[in-house]
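Engineer: Given the sequences, and given the hints that come with them, work out the whole structure.
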Amino acid sequence: EAGVAQSPRYKIIEKRQSVAFWCNPISGHATLYWYQQILGQGPKLLIQFQNNGVVDDSQLPKDRFSAERLKGVDSTLKIQPAKLEDSAVYLCASSLERNPSYNEQFFGPGTRLTVL
Amino acid sequence: KQEVTQIPAALSVPEGENLVLNCSFTDSAIYNLQWFRQDPGKGLTSLLLIQSSQREQTSGRLNASLDKSSGRSTLYIAASQPGDSATYLCAVRRHSGNTGKLIFGQGTTLQVKP
Chain A
201 EAGVAQSPRY KIIEKRQSVA FWCNPISGHA TLYWYQQILG QGPKLLIQFQ
251 NNGVVDDSQL PKDRFSAERL KGVDSTLKIQ PAKLEDSAVY LCASSLERNP
301 SYNEQFFGPG TRLTVL
Chain B
48 KQEVTQIPAA LSVPEGENLV LNCSFTDSAI YNLQWFRQDP GKGLTSLLLI
98 QSSQREQTSG RLNASLDKSS GRSTLYIAAS QPGDSATYLC AVRRHSGNTG
148 KLIFGQGTTL QVKP
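Just so you know, the sequences run in chain order A and B. Going by my numbering, the first residue of the first sequence is number 201, and it counts up by one from there. Going by my numbering, the first residue of the second sequence is number 48, and it counts up by one from there.
Rather than coming from a laboratory, the hints here were simulated on the basis of the structure. These numbers come from a predicted model, not from an experiment. Misleading hints may appear alongside valid ones.
[What the hints assert, rightly or not] In silico EDC-like links for lysine to aspartate or glutamate, alpha-carbon gap of 20 Å or less:
#: 1; chain 1: B; residue 1: Lys115; chain 2: B; residue 2: Asp86
#: 2; chain 1: A; residue 1: Lys244; chain 2: B; residue 2: Asp74
#: 3; chain 1: A; residue 1: Lys244; chain 2: B; residue 2: Asp86
#: 4; chain 1: B; residue 1: Lys89; chain 2: A; residue 2: Glu304
Structural biologist: In structure tokens form, the structure reads like this:
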């Protein structure tokens, strides 16, 4: 079974530029998550999708971050414009069941973003 | 608000030693707790998942315990090897609502010396 795929793996941009990340979850997984992991910290949830609907985006900085999951499969996360403090690893995860509280999340390799 | 703390932040041990990593959480109303491993520059690999009704889970040389009433979990690694060197993260899934959001600790970075 293929895992969660993410691209690109690395991205370097200057502040105020825009950037987009892509995630393809494990086939059949209805729930998709985007996490932000700042160096030395644990991951923090940015947004959770159930199929193509948003379940939780309470910690997403909506003035600059946006995410979509068209057709309930793959997803993109965008930052526009980027700030220095956005430098982090962006992790995508997916889980199988309709009640995500019980189920194991599987993580992709992440995208490491550096904002100069 | 749920907070997860991991102690110590870093640990260095000689090969072959048994070791324990600690995780504590402030709100005992959780669905489950998950331990992850993260290698430098990589994503997270799930090691063990303990449901709230369980006391422990075992996989190979790893054993994770859960004490909900005291808000604690431990990850026991037997006969440590250099290949165990990585950052270990624990995360809890909260009880209420339909979100599967994981609340992570900051991790323990383990170095096993040959």
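Engineer: Look at each hint and say if it fits the structure.
Structural biologist: Cross-check of the supplied hints:
no.	hint	verdict
1	B:Lys115 with B:Asp86	violated, 28 Å
2	A:Lys244 with B:Asp74	holds, 18 Å
3	A:Lys244 with B:Asp86	holds, 18 Å
4	B:Lys89 with A:Glu304	holds, 18 Å
Taken one by one, the earlier hints fail for this structure only at number 1.
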